[in-house]
Amino acid sequence: MYQTLIHKYSSEYDETWRQEKPAHQQIDRFTPYGRTPQSRRISTAVPTTRGRRKNVHTRTKSRSDSSSEAEDLKGFTNVTWRVYKLSPLYKFSSAPKDLKRYGQLLSSCVEAANQKGLFVENNVSGKALFCVQEGLKKTADDPDAIQILVKGKKGLGTVDTVILTATLCGVEMEGDLLVPDVKGHFTYYPVLLVKSTVAMTDVLITWLMRHFDCKISPLVFPPVYMAWMIAMWSGALANTNRKNKPVELVYQVPSECEGIKKITYTIEAADCLRVWNSIHDSKSDMFTEEEMSTFISSLEEHFYSLFRVKLNAMQLSCVGTSLCYIGRDGILKIYSAEHVSCILRHLTELSMEHFSLTRGRKSTVTDRVVGTKGREVCVLYNSKLEWTYPVSYLRYIVMEI
Amino acid sequence: TVKNSTKKKWTMYKLQDKKSGSKENWYSDPEKFKRKLQQQVDLYFDSAASVSVTLQDGALWCRLYLPSGNHFMTANAVYLIHYPNSHCFAISAFKVSVQNFLFQCLSNLFGYHTLTSMNLSGLQYKSLFQLAFNKLGETSFGKLSDVQSLPFISRRKRKAEEIEREPNLRSEDVAMKRHRSLSLEAAFGEYQQPVLESLRFKVEAKFMGKKNIENFQDNGEPFRCCVKFEGPSVLDGVRNLASCGLANEPLPKHLLRVNSLGTNNFVLKSKEKS
Chain A
79 MYQTLIHKYS SEYDETWRQE KPAHQQIDRF TPYGRTPQSR RISTAVPTTR
129 GRRKNVHTRT KSRSDSSSEA EDLKGFTNVT WRVYKLSPLY KFSSAPKDLK
179 RYGQLLSSCV EAANQKGLFV ENNVSGKALF CVQEGLKKTA DDPDAIQILV
229 KGKKGLGTVD TVILTATLCG VEMEGDLLVP DVKGHFTYYP VLLVKSTVAM
279 TDVLITWLMR HFDCKISPLV FPPVYMAWMI AMWSGALANT NRKNKPVELV
329 YQVPSECEGI KKITYTIEAA DCLRVWNSIH DSKSDMFTEE EMSTFISSLE
379 EHFYSLFRVK LNAMQLSCVG TSLCYIGRDG ILKIYSAEHV SCILRHLTEL
429 SMEHFSLTRG RKSTVTDRVV GTKGREVCVL YNSKLEWTYP VSYLRYIVME
479 I
Chain B
2 TVKNSTKKKW TMYKLQDKKS GSKENWYSDP EKFKRKLQQQ VDLYFDSAAS
52 VSVTLQDGAL WCRLYLPSGN HFMTANAVYL IHYPNSHCFA ISAFKVSVQN
102 FLFQCLSNLF GYHTLTSMNL SGLQYKSLFQ LAFNKLGETS FGKLSDVQSL
152 PFISRRKRKA EEIEREPNLR SEDVAMKRHR SLSLEAAFGE YQQPVLESLR
202 FKVEAKFMGK KNIENFQDNG EPFRCCVKFE GPSVLDGVRN LASCGLANEP
252 LPKHLLRVNS LGTNNFVLKS KEKS
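Protein sequences appear in the order of chains A and B.
The numbering of the first sequence is our numbering, which starts it at 79 and goes up by one.
The numbering of the second sequence is our numbering, which starts it at 2 and goes up by one.
Please keep in mind that the hints were generated in silico from the structure rather than gathered at the bench.
Predicted model only: the values in this text are computed from it and were never measured.
All residues carry an ideal CB built from backbone N, CA and C; glycine is no exception.
Treat the hints with care, since some could be wrong.
Every beta carbon over 12 Å from chain A, so not counted as near; a handful from chain B, in silico [as the list claims (entries may be wrong)]:
# : residue
1 : VAL79
2 : LEU137
3 : ASN169
Simulated DEER-style distance windows between Cβ atoms [as the list claims (entries may be wrong)]:
# : chain 1 : residue 1 : chain 2 : residue 2 : range
4 : B       : GLU191    : A       : ASP407    : 34 to 42 Å
5 : B       : THR7      : A       : ASP407    : 23 to 31 Å
6 : A       : THR158    : B       : PRO253    : 34 to 42 Å
7 : B       : LYS96     : A       : ASP219    : 51 to 59 Å
8 : A       : VAL298    : B       : PRO68     : 44 to 52 Å
9 : B       : LYS96     : A       : MET364    : 35 to 43 Å
So that you can see chain B by itself, here it is in the shape it has in the complex (with noise of 0.2 Å):
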């Protein structure tokens, strides 16, 4: 699984009400991390229930197999991402019976009551650790520049934008393109986007496609509907969008903030109904 990461689909979660009384309870030990989460799965699960942990990357690897029945089932096994002392984790697909107790393990051996979903999930681990980790904001590490040295952190430049230039052609809009790759660059950064595949917005909108309409009936309901972006890397996507001419600048804000906000999952509403 660690090989075959971009073979699951990770979801993200965040820790939140730290448990009073309790210590913090970071381990960067995967052999005191197993025997810590082993504790709690025994308490919660069948004896049957196996759990293995390994540390690659930087990051805890686990395994947790729990099983249902006799026979061996690859739906059993869930598998967890962590990295010391950040608060949030990647979990894999698990059974929706298993979901409570499951967590209630997790709940005790991080020390926080609360387990809540980023509505953040994809292929790429380190990509959604770096969204969840610009959501966040500031982890126990502090300074920017223990930030910055995290692994999961992206650091290549984005290629750079390439204007060709034939000897005997002359471009109009030269200037315009100068002008919308400097914005682009502004909105978007330097640096290579996370790797999202898809980018979800459920909109409950006034409806704004009326110009050609004479007799539109208004009856004051928003107008619902479901947009989903898909595509290797959505993000870079979306700039490319604007870079083709397929967009319009200036993006919208849910496009631009996708970075910060630390969800592929978003709900707009008008401002009269939010």
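So here's chain A without its partners, still in its complex pose (with noise of 0.2 Å):
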């Protein structure tokens, strides 16, 4: 009687819950309170990488002669960008006329931003630019990379500076995410990188979203991303003529542990890829997880034996190579101009998974758009809250579901 008291409550409940509110207020809203699905899958926040992963050759697969690519590449090479992910932009053309259009929106909104005093240095005139960067199209699958610069006049100065230099880019995009009825309306670019100050980058982000109607945002690192970095570059210098940098492991220290902030590791890069040769065959070309793990705990191993400290309990915050410099929060530092097309590659698979998997997965009768938050629209996969998709983008998302 107990049993069928409650559940003639509960049914009563929801019985006068759904007649309080008007039948054209009925939309489905996302609560936690949802039926309890009778398997999960234990999803991380961030998504696993791969267990295998390709080489990354110190020469890509060019078309050109590298010489004269890591001249186009030189201007990445020595500046610290920040590392951002992004959604298909929906009507995007690579057209010169097309980019010609978007500098001048972008200059007109450079303008009102500085107007409202969104910069520290007042008066900031800016004027956008668009234009095809040469050198990182390497397949047909490759999109035309876009360089965006803005040029103006900080403060008082009378001299044009370069106030943000940003690229839209895809490297040797592997399969085409994107199924081809939506392709005409979407092109993707799933890496951009900036440099600029905050607000400037802020302004020149909120711009492309509101414009393109696509998410933009950081591509953290997290240790094992770095990780993979470090097994795969630390001697990509070493059968040339070149000194190489040596390898530097950055591990921020837990805050339990007062006084002491971070400890940074640095090893030579000739001893470092001893050990790597050792542990990986030269003559395969795919890294896998086993060997990138026994690489990172020898290295951490060794350290034990001189300090007794044990590195794997804290994490890892910055890699540095001979070829660039990795920061946790999507920081990035290239040094060498002939690896630009081999990182970018890499980041843009970086990016790709993360796309690939809030889209990739199978999705279900409990699947549903559940609400919209400004211009983007949440969407429940297997009753969990996924990505949030623009809502031009909520035509392909239908089709999938």
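Please assemble the complex out of the two chains, which come individually in their own frames, going by the hints.
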């Protein structure tokens, strides 16, 4: 009788709740009190990396001569970039007249932001230019890389300087994640690199998101991603005559341990390569996760033998190799112009993994669009709130669901 | 600079090889010290070079302005701290071009041939002097009681670790924690550690991480690496690494003996190579 009573009250409650709301206001909203699924998949906040990664050659599959390509891409080196990932851009065109129009629109947006007083240095007048960046289109699936420049005068200066440099690109994109039906409407750039002040970067990102109905967020590098990069690139310049920068691992000490903030572990590149060659068969084209974890654990074990400090209990916050320096929060600095393509190729791969994780899942009858958040649509996959998509992308999602 | 001494990076130098025939030139009067220093500076630098000295907290604080060019530049100012009767001094950053002349001035001033870097630098000058003093051992002060009264010796005891005791919870590792606490106190002492912002090790040793590597290419070459610990107080941090369980005891000697070695830049080599 007790159980029957509960069932009766709960059903009455449901009825009452439904009756209170007028029919036109009954929309499905996300609540945490949905039906308990019969099975669960443990999903991490960040997609787990693939168990294997392709070897990153020092020379990529390039149609052009590598030395001239290095000249084209020299502007990417010795500059601290912020890396972002993007969802597909709606109705983006790389035709010259469209790029010119985008430049005019962004210029007026920068001017409007300047008048609102968003910039610390007042009177930042800017003229935006969009152009095609040469040297980054490696395969037929790659979109034309786009360079965005904002030039202007800072403060009371009289000389034009570059206030913002950004690049939209996708290098050696393996396979196309866009179905043919929507390909005509969307252009997918997995990676956005930006070098500018925080305020100007916000202006650019906001403009891109509004104008092309896309979602842009920082591409963060968790420790496992950085461990992969160390394994792949630690001895990349070993066979050249150039001096290798040492391999640098920066560990962040947990805040519970007062007094020490970070531990920097710098290893000579040749010695690091010696350890890597003992683990990995140089003839094989693929790195495995087991090789990567053996490599990192052996370096940490050597550290432990010297200091009896457990580095495996701490998190990697930055790593540096001969090719580049990478920070966990999406900071990137490339040292070698010859390897810009291979680094961007890897970033493209990481960004596309994020995208395919949210897009490639099989949808079920429980999946539904549950509401809107501004211009974004919140979608449930298997009763769990997932990626929020711009409204224009809804068509793509509906086709999937 | 006296109030904002932590804004500058200080490097410690020790005085060695006393000049024969020279008396112990220890000055505790800032005016006398200034006159002597000005005489030396006038010999090696332009007449525009200036010296000012003050006595603060038991130490002589000197500011030397060594001009180069017509314009005033803050980079031309060099600061020096010296405790009377000690065989070391702390100096701020200076241009390489003036080093030889500057050191010659100081060599003549103190009456010692050699001024040697102790590889000890940081922002807290009192901690640096404490470490330098620990390394140099007995000075002209002599007795232990005089040593303890030096103004840069820290007399503050460390805050005791509190092992939380919840009435309804039973901790299984209280004995282990107590044992660890006692061993750390034996290793580090009960007083607060001197404040160092960084601790650097340059290591050339045999590679010890080959437990999981089957075919390690051991060609006899050492595995070269540099390790840097950074933080607001690294010596306390090293102790806390052990107390938090991020490091296992016993800690190696090169971490435990920093206090007495008087430097924060170390070179570790394998015994066969050293």
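How the hints compare with the structure:
1. VAL79: holds, 29 Å
2. LEU137: Non-interface label on LEU137 (chain B) holds, nearest chain A Cβ at 25 Å vs cutoff 12 Å.
3. ASN169: ASN169 (chain B) clear of chain A: closest Cβ-Cβ about 24 Å, beyond 12 Å.
4. B:GLU191 <-> A:ASP407: 34 to 42 Å: Since the Cβ atoms of GLU191 (chain B) and ASP407 (chain A) sit about 40 Å apart, the hinted range of 34 to 42 Å holds.
5. B:THR7 <-> A:ASP407: 23 to 31 Å: Since the Cβ atoms of THR7 (chain B) and ASP407 (chain A) sit about 28 Å apart, the hinted range of 23 to 31 Å holds.
6. A:THR158 <-> B:PRO253: 34 to 42 Å: holds, 36 Å
7. B:LYS96 <-> A:ASP219: 51 to 59 Å: holds, 57 Å
8. A:VAL298 <-> B:PRO68: 44 to 52 Å: For VAL298 (chain A) and PRO68 (chain B) the Cβ distance comes to about 50 Å; the hint holds.
9. B:LYS96 <-> A:MET364: 35 to 43 Å: This hint is violated: roughly 53 Å between Cβ atoms.
In terms of the numbered hints stated before, the structure departs from hint 9 and from no other.
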